[in-house]
Amino acid sequence: MQAQLSLPARRGRDFTTLFWVAIAVVLVILILNPIFYLFKESFTAQGDAGGWTLMNYVEAFSNPLYYSPIVATLWISLSVGVISLVVGAALAWCVSRTDIPMASMIRNLILASFVTPPFLGAIAWIFLAGPREGWLNDIHRFVAASAGRERRRERRERDQSSDGHPQRMPSGNPGGRENGQQGRSMR
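Everything in the sequence shown is counted per the working numbering, starting at 203 for the first residue and increasing by one.
Hints listed in this document are in silico derivations from the structure and should not be mistaken for laboratory results.
All residues carry an ideal CB built from backbone N, CA and C; glycine is no exception.
Take these hints with a grain of salt, some might be off.
Stated by the list, open to error - Computed cross-link-like contacts, SDA-like style, restricted to lysine to any residue with a CA-CA straight-line distance of at most 20 Å:
no.	residue 1	residue 2
1	Lys242	Tyr259
2	Lys242	Ile225
3	Lys242	Trp222
Claimed, not checked - Pairwise CB distance ranges (calculated):
no.	residue 1	residue 2	range
4	Pro319	Asn258	44 to 50 Å
5	Leu293	Leu338	23 to 29 Å
6	Asp340	Leu267	33 to 39 Å
7	Val273	Arg334	49 to 55 Å
8	Asn258	Thr300	49 to 55 Å
9	Tyr269	Val228	26 to 32 Å
With these hints in hand, go ahead and build the complete structure from the sequences.
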C-alpha cells in the first residue's frame, strides 16, 4: 500500500502576481518614462514656439560638426557587434559541440556577464585606465619615465662637445624674447 503525499492547502492570499506587477510598473516608470520624454523632446521646437518639428533631426544630420561623432558611433557599434558575434558564436560552438575543459565554467561566466550591472564594467575600466590610479597608466608612466631618462641621457651625450664641455647656444634672441625685452615675473 502506498501512501499518497499531498501538499498542504494554501492559506491566505498569494501576492506573487501583485509583486511582479509592481516590479513591472517600477521598471516602466524608471526606464520607459525617461525614454518617452527624450523621444518627445527630440520632436519639440526649441524656444518659445514649442511646437512639433523635425528640425532637430535635420540639424543633427546636416551639421558637419556632428558628422564625426555619428560616424564614430556607427563604426564602434558595427565593430563591437561583429566582434561580439564572432566571439560569441565561437564560444557557443565550443561549449555545445566539443568537450573542452571547463565548459561549465565558461557557460557560467557567460551567464554572469548578463547579471553584472554595466557600472561594474565602468569601475573596472577606472581601475585599469584611471588618470591617476589606473594600472595601465601606472605601467605607461613607468615605461615613459624610463624612456624619458634614456632620451635625456642621449641628449646630454649629443650636446657634449668632443672636449667634454657643453656646446654654446648660438647668440641672438635669448630665451625666445623679442627685441631684448625682459620677461615679466609671474606672481
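Structure-inconsistent hints, enumerated in ascending order
2, 3, 4, 7 and 9
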